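Protein chains: 2
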Amino acid sequence: MEQNQPQFANDAERMAADIEQIHKLASQLLPFYSFITENNTLEEPLINAQLQMLIGVLHELHPADVALVLESLPPKERVLVWKLAIPEEDGDVLLEVSDAVRESLIESMDTQELVAAMEDMDADDLADLVEDLPDNVVQEVLKDLDEEERAQVQAALSYEDDQVGAIMNFDIVSIRADVTCEVVLRYLRRFDSLPDHTDKIFVVDDHDILQGVLPIRKLLVADPEDLVENIMAREVVKFRPSDDVVEAATAFERYDLITAPVVDENKKLIARLTVDEMVDVIREETEADMLNMAGLSDEEDLFAPVWDSVKNRWVWLAVNLVTAFVASRVIGAFEHSIAQIVALAALMPIVAGIGGNSGNQTITMIVRAMANAQISTAQAARLLKKEVGVALVNGLIWGSVMGLVSWLLYSSVGIGLVMVAAMTLNLLLAAVLGVLIPVAMEKLGCDPALGSSVLITAVTDSGGFLIFLGLATVFLL
Amino acid sequence: MEQNQPQFANDAERMAADIEQIHKLASQLLPFYSFITENNTLEEPLINAQLQMLIGVLHELHPADVALVLESLPPKERVLVWKLAIPEEDGDVLLEVSDAVRESLIESMDTQELVAAMEDMDADDLADLVEDLPDNVVQEVLKDLDEEERAQVQAALSYEDDQVGAIMNFDIVSIRADVTCEVVLRYLRRFDSLPDHTDKIFVVDDHDILQGVLPIRKLLVADPEDLVENIMAREVVKFRPSDDVVEAATAFERYDLITAPVVDENKKLIARLTVDEMVDVIREETEADMLNMAGLSDEEDLFAPVWDSVKNRWVWLAVNLVTAFVASRVIGAFEHSIAQIVALAALMPIVAGIGGNSGNQTITMIVRAMANAQISTAQAARLLKKEVGVALVNGLIWGSVMGLVSWLLYSSVGIGLVMVAAMTLNLLLAAVLGVLIPVAMEKLGCDPALGSSVLITAVTDSGGFLIFLGLATVFLL
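Taken in sequence, the protein lines are chains A and B. Read in our numbering, the first sequence has 316 at position 314, and its numbers run on one by one without any break. Read in our numbering, the second sequence has 272 at position 270, and its numbers run on one by one without any break.
Hints in this document: simulated from the structure, not taken from any laboratory. Among the hints, erroneous ones may be present.
As the list makes no split between identical chains, a pair holds if one copy fits it or if it spans any two.
Keeping only pairs whose Cα atoms sit at most 25 angstroms apart, straight-line, the calculated BS3-like set for lysine-lysine is [stated by the list, open to error]:
no. : residue 1 : residue 2
1   : K270      : K26
2   : K388      : K313
3   : K445      : K85
4   : K145      : K445
5   : K313      : K78
6   : K313      : K270
7   : K26       : K85
8   : K313      : K269
9   : K220      : K26
10  : K269      : K78
11  : K220      : K269
12  : K220      : K270
13  : K445      : K387
14  : K388      : K270
15  : K220      : K85
On a predicted model such as this, the values are computed, not experimentally measured, just so you know.
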């Protein structure tokens, strides 16, 4: 990715300018979409010049950039641009785009184009795409593979998306421990090219049992006469296909790994993991937490049709509606009190609101800490204590402020005192449940982030109304 | 990180067990903290056995694991464990822990320990720590460096934390273009060890101007007689020290990079970036978005003293209190209406709540898309249109459901109809501001995530009350 255009200070600016230009050209060309010929030309010279400009910009881009462009385009423009991309890179682009966008791209391709795009693809990448491809394409593609590759695709398909087996890569270079570095270097020279990200060579015995790894860094500085077994590392971070990908990614992050071996239950080397996949896992995981907290599924095409978005969001909206209804019934139970002191209606949302905000702060911290594996059950108790402390301090400070304001506003000491008490109690409730909800979710085997923001708000709303109106009814009426 | 204990299925489980054990031992040993001698022993044999066990577990751990353990410990236990860690690894651990925890660790060390920990540290790492170190330690450490290293530390310090210059690494291997691969291999063999993550060697001319890069993968398969200039890659993703780190990390992610050169304005090679730093940037950036949305600063020690946490959170709680007060005054303005129809008090939180939930869904999506650089201004208009569409559909569907429920509950068609209208309008408000708030924040140069959840909730609360009570006052009274 040379920055051929010296006017851009960096890659990000160049990319932004390219996206802007492609968007503009694509929307101008959209009316002429159906007139674009097989060899990507148009009759009208001026419009054709625009088309050729678009193709020019597009073909300069790395497949990952093309993927980014496609994700940022509305559906119709996306199909137009996709049609103009370099066919040989179609497979790489499909691997890079988000699931939602991938579906729409695959829908726009015919069988022949799809089969061509899958050619020369690695088994693990192929397995990623297989579930999105039409059956006849899958059969066609599998037919063209040799026995070993087919077995690899099957293996990759047999694991869940969140297991190491689903993203492991079969492109491995392995050597024996009893040879010299000289021999290794000669052996490597026989390859046309080494697999991407090769930072270490796997050392195995006659039965492919992993003995250690030979980092390229060590190989390059070693005496050519040195035996591999004398310089290889025997302590290796290794994974099993059934391991959780998020845990594997955390290990990559912690130990600064580039690649790592995947072994079966007998320590037989079967594949490897590479850091580029792990970076994707880290980003997706953290983003998924953020989206899940707000009650969004983690895959929504930004420009999805309205109806798709409605479906993506309706579950948590429905949950919210139910909880809001419960909160409403809590208030309904105190209608008699509100009828007597209307000020209560105006003050109650303050109690609920501050509880919701504070609860969200707590739950966000806990969800993040859980993702980083910083919380054991013993810890939870300690965190609870701390959060309760924070809530007590905040409740007394901010409760007093609002108590004073309410007192002045409604000239009633009673209302002021009820306000202090209700705010403090609701903040305590928020703190307790801000810790307990994610811990309970985890215990139940759910994702602690899932809708946690919606749930904590539900608790602090209903709880806040109940506490405030309840105290008011007991002490003010 | 060999999994020496075969009873653990994987690294994550082993780590969790280690953390649990260290926590237990540390809290048992805490009362004896002041009796631990210089050489880490205790008089009482039984307690000493526990101490030795703790030291044993601790010394088995990778510095990154020690960092994780320290982050998950409460302050007092943390200092105890820190005192027992391998002194030679102190520097590595300090680099790995979060800023908040790092401060507490440095506070517990004396000048001598700190100077020792900084020995043999790379310039870029040293620069990371300098701002947290006491002045006398910094002077001591700088004194021990040679001229070049001191210049590197100064260079790293002259950049902001969010600039490439602050995390670039000076440990580079460079060669000339006009030599053969054989010569390169011989040259590399003269090193004691190559820098971490070396996946490519930088090719420069006599004036250190970057000409290209020689990937190790290509070097290893090349004919020894090949000239570097014939096999090096000339198109290189490169960065400037003033570039934004998040943009650099995005480029690493997109182009699957392991290392990349950093050059000055004359393309002179000055340093490199490595993927391990970029992984940290990606995680921190996404997490910061999540924390910022909830109104938390991105650095809170999980076990910080209550008072520190209160300070970390009070700004957004105060903002929330002000906005809640505004919402309360909106209701106050309609006290007359509520006094006449008390049901309004019970129904109004439903309108506000669904708006808040839906607005949070929208704003979360937009903030995420902005972080991934998917949104240009032209896009914003299109997204707005889509979100308005989603809001209209949701408003009509869920508004009708709640309208029906309200009608049945209060036997009033009027209340039902006001409910439908108010919910639809508040969802539209949530959609419009869910897009506009982050776009405006970005335009103003603020982080779009910052407090966005608090802000959207403020709008949908006040707005929801105003719309619902306003409509009710006009049509029902």
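Looking back at the hints listed earlier, which ones does the structure fail to meet?
Violated: hints 1, 3, 4, 6, 8, 9, 10, 14 and 15.
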